[in-house]
Amino acid sequence: MTDSKYFTTNKKAEIFELKAELNNEKKEKRKEAVKKVIAVITVGKDVSSVFPDIVNCMQTDNLKLKKLVYLYLMNYAKSQPDMAIIAVNSFVKDCEDPNLLIQALAVRTMGCIWVDKITEYLSEPLLKCLEDEHPYVRKTAAVCVAKLHDINAQMVEDQGFLDYLWGLIADSNPMVVANAVAALSEISESHPNSNLLNLNTQNINKLRTALNKGQIFMLDCLSNYNPKNDRKAQSICERVTPQLSHANSAVVLSVVKVLMKFLELLPKDSDYYNMLLKKLAPPLVTLMSGESEVQYASLRNINLIVQKRPEILKQEIKVFFVKYNDPIYVKLEKLDIRIHLASQANIAQVLAELKEYATEVNVDFVRKAVWATGRCAIKVEQSAEHCVSTLLDLIKTKVNYVVQEVIAVIRDIFRKYSNKYESIIATLCENLDSLDEPDARSAMIWILLESFLEGFHDENTQEQLTLLTLVQQMLTLATQDSDNPDLRERGYTYWALLSADPVTAKEVVLSEKPLISQETELIEPTALEELICHIGSLASVYHKPSNAFVEGSHGIHRKHLPIHHGSTDAGDSPVGTTTATNLEQPQVIPSQGDLLGSLLNLDLSLPINVPQVSSMQMGAVDLLGGGLDSLVGQSFIPSSVPATFAPSPTPAVVRSGLNDLFELSTGIGMAPGGYVAPKAVWLPAVKAKGLEISGTFTHRQGVGWILESSLTGVIPSTPLAIHTPLMPNQSIDVSLSLNTLGGCEKQYRCLLLQLPQPTQCAFVEGGKMEHQVFLATWKNIPNENELQFQIKECHLNADTVSSELQNNNVYTIAKRNVEGRDILYQSLKLTNGIWILAELRVQPGNPNYTLSRKCRAPEVSQYIYQVHNSILKN
Amino acid sequence: MISQFFILSSKGDPLIYKDFRGDSGGRDVAELFYRKLTGLPGDESPVVMVTSGGKRHHDGRHFIHIRHSSLYLVVTTSENVSPFSLLELLSRLATLLGDYCGSLGEGTISRNVALVYELLDEVLDYGYVQTTSTEMLRNFIQTEAVVSKPFSLFDLSSVGLFGAETQQSKVAPSSAASRPVLSSRSDQSQKNEVFLDVVERLSVLIASNGSLLKVDVQGEIRLKSFLPSGSEMRIGLTEEFCVGKSELRGYGPGIRVDEVSFHSSVNLDEFESHRILRLQPPQGELTVMRYQLSDDLPSPLPFRLFPSVQWDRGSGRLQVYLKLRCDLPSKSQALNVRLHLPLPRGVVSLSQELSSPEQKAELADGALRWDLPQVQGGSQLSGLFQMDVPGPPGPPSHGLSTSASPLGLGPASLSFELPRHTCSGLQVRFLRLAFRPCGNANPHKWVRHLSHSDAYVIRI
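Which chain is which? The protein sequence lines are L and X, in order. Residue 8 is where the first sequence starts when you use my numbering, and the numbers rise one by one after that. Residue 18 is where the second sequence starts when you use my numbering, and the numbers rise one by one after that.
Worth double-checking, as some hints may not be accurate.
[To be verified] In silico DMTMM-like cross-links for lysine to aspartate or glutamate, where the CA-CA straight-line distance does not exceed 20 Å: (1) X:K462 x X:E302; (2) L:K52 x X:D30; (3) L:K286 x X:E264; (4) L:K321 x X:E264.
[Claimed, not checked] Derived list of chain L stretches under chain X, where covered just means 3 residues or more per stretch with a C-beta under 8 Å from a C-beta of chain X: (5) 246-255; (6) 287-293.
In case anyone wonders, no lab produced these hints; they're calculated from the structure. In this text, a Cβ means the ideal position worked out from N, Cα and C, and glycines have one as well.
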């Protein structure tokens, strides 16, 4: 008698037959019938019509039969609450059954069928069960409270179930405690404001004694705890380190997370710090011997760790040898990590491996191996020569996808080492015909044109003219015939730039090509820090912050690595510190080449003279209709044409086999709450004579991706509401939707226009610092960063000064009167997130004020002084 | 917490489906997952997010799965939980189902649907893990496993390993070891058995010039006990067993491993002094100890391969001569040796000359498969294979006979089993049971050693 035959019952008479069997007199028969029903459920057929018959079977003292009946009820109770009411009497009865199995079964199932009408019947037995003498019943009841809360939150709170749960936290049985904690935390998550699980040092101690099994939960709590100084951090590290050899990978990862976090707090030169780094390697290596599923998840985490602290695993590159029979997802991850660990010392070995991999069967893997070879060239300069020759060898294989991938990566190598490997262009050209992928084609065009342009001056006139004609033709094609708004727009921009003011155009389009660097493959540092705080969680596997894929209040809190303050530090870190580190990030550039940009990349470097304008008119200008003359003739002011030469957001080239993962992430960067890197200035105001362009982009696995589009008044039919006229130095963030070829709606935003005269608009709202923070920050900033200025001829008293400044987002934190002089303490925040603290001394009767400023970035102080000055003067 | 759990057969049919929280899209998600799984040419990564609508990212559902005995065990969740604990849970569930149903497989699962649901019900409540201990669960489980065929202890010919996943057969269970722990409530005579296996997986990578690029050994001591729970046993390991690079024991070079981890129930009081593990295992399967060793293998590698390739580009004639030397001690032997050599695309015919009659070679899935059922230590075997490779389209390159190998050839990978052999040299000295059965016979103890290949790759 086996269950498997139930899968093959004839459908037509099935229900009828089942009903008959369920009402059979013999217990055994009925039991078999229920089994059959359950098997049918699994196949996905609807057997809710036998509900009444099943309930009839419930009245039995046969435990086996009863369990089966409950299995059925669990499945259908939620979808058929009305039918479940028929069973309510049996529930109540079973809740008091002497057999604890039945008791627990009833409680467990009950949680699924809460219908208002029967609430009162069921809440009483549940309360009783919460106090049952047997832990098995209590732990089931504890979970049931969470289920009940999901259905009727009000009742749970009214009937005092929560108090019972708190009581269970002190239970003697760990399972009961665990379930009570789980239930409480689930309930507290649905009430973001309640303070059910407020973790302070005291509560952590309480939970530590309560839970001796929930190690992961404990460790997670620990990692959220911010120790006051490094000694405390060290003592916690010492406590958790033994757990690194735990057999459960989840525990190991949680410990790693705690250690990675607290490493930040330890002084870098201490012995303990270095010892800890050494201790981290073996457990990570051990994870690699697990099942391939665990290996995959571990590799994703190791990827993060390696980016943050490559020193931990730099000796262990052998562990990440790709095994022949690894599943593809493990292979790709290992490859990624090998690239991160590649250095001058091991590059030869890495390259030899990559070359082997490039001959394997799996296309994704081969492509990634080729791509990785290119990365090595960019990462380890000494190896570039070797890499290029390896790539050339690969071209000789004539395998289509290998060749295409090689050409795409050679483009990147050219960008890094211009004028070095031009000799290989001939080899590349031999394969021109086989290129059919957009990425490879665009790379080839880039390489070819770039090589032409390099020698532009040396060519004869005829060639030069041909090239110019091509430019003209291309612009016409792009603006007139293209259906792609993105392309058209860029065409317009360049055209307008060229026609209106070639000088600016030069500056904008021909500025130094940003050097490609290895950084493009890395996760942006602040994002990395956040992900490090999520080691061991789904976020660390997806390499996406949790709020990008889970709902709920707990996802919103963004975690940061703690900042080392030396041995005695109190309170929060001043915000200034964080922003300062942000500014120091290496400027990351996209790996996507820009065809048009480079096309116009003529070697011109004339001095620039742009008329300064105080206000600008942003209107839709019909560029095409007017032609050159009318363009200039219109009230179109040259310097108001800001343009970025950022590559247009081309669909990211997916280089991994995880296409689908990737697909899912498309657009996430712009999803509310999604991580967007802080804006970096692309074209500083000084260089472009007052035209400042800043941008930001997100990273998706090795592909820099710009979320910025050029946006100017020259966009025809702009869908944007731009304030006209745009105030000087006003910055606006504009979002606009563009239809890309794929038809999917994407959003590009972040435009920042800054005109020369610095004014108040550079300050952002919310620049008000907490009193305490202000004090601490003021003390923290070294005195040499303090600058003093005199504001002359100002005839306002302290209060009006303060309110005037307040209107311009300069906030007065405190006011003090010393010896007849008013001292105002003020804080403000710049659009780029820099905090500035100021002390303003105002003496009644004296029109000259003294302004002292402190800021972590002293270079901006001067500029702020001017702003201050102008605010007060107007 | 977990929203759903399901088991899919290798063909994607749901065998088990359980929704714990009712907050997810119902059973369509199983369908969704399977579509995703089959949509990719390779394997799906074990942690994926699937969005149903594609509009909002928040309705994404996370699928965490493992593959076990060609079944997919999948859980879904919608929270940012630790994928590691879910993966651990899944592999624990796989063991648990194996313990209760005898072995894990499509057949056993569909024969025991009710039992599996009953187990799941106790293991997870509302998506929270309650207990995964075989012992605890025994108190709650009422349904008995349905087994396909009666067991016979006398069927010793097939006593294999219970969990060792070798290359040839993902699971090679012996019928004796693959019976459910619980099925024999009435049958006391079969109870007193304990299996102890030392299983080592060897992965090796040899470069085309013959130099050893990487070698590592991953070992496990696994125990499957049918003794009553709590009966104490002592496992004595080789006394010269050293952990780490620096430890020194005995007079010889010692048996050295890099890393060891133990199951949490193992008592290590006597480990330092006598290398004895003491434990009171519950019924069912348990991994007592895991260890790894890399780079320094105490014994020579079991196999060396000496390939030579002749390729005539013009005629497309490819000739591969393989010489395989087995460097095991002459008393040992390797079983089920199979050499797998991927060949260039489009290879058509194969002619072969093999050194002994029991070998077999054939073309399968664009690769050469050379089977050697048994290779004695110290012996050397060879095979000469000739194939026709259609030339690449275009003008026939004026190639002469070269030794450069064509694209798509290699690397060769070997799979094999080495019974009664551990690459690390680790042996179980003794297995002593403190348990004295009241009445009938002494418990049967089976101690076995085995090494098998994990990835034994030789580049050509």
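Given coverage of the stretch 287-293 of chain L by chain X, tested with a Cβ cutoff of 8 Å and a minimum of 3 residues:
Coverage by chain X holds here, the residue count being 3 at a Cβ distance below 8 Å.
Given the hinted pair K286 of chain L and E264 of chain X, is their Cα-Cα distance within 20 Å?
holds, 17 Å
Between K321 of chain L and E264 of chain X, is the straight-line Cα distance small enough, at 20 Å or below?
violated, 24 Å
Three residues or more, CB to CB closer than 8 Å: is that satisfied between the stretch 246-255 of chain L and chain X?
Our answer is that it holds, as 4 residues pass the Cβ test (under 8 Å) against chain X, meeting three.
Sort out whether D30 of chain X lies within 20 Å of K52 of chain L, counting only the CA atoms.
Holds, at about 13 Å.
Given the hint that K462 of chain X pairs with E302 of chain X, test it: the Cα-Cα distance must not exceed 20 Å.
holds, 15 Å
When the structure is compared with the earlier hints, a violation turns up for hint 4 alone.
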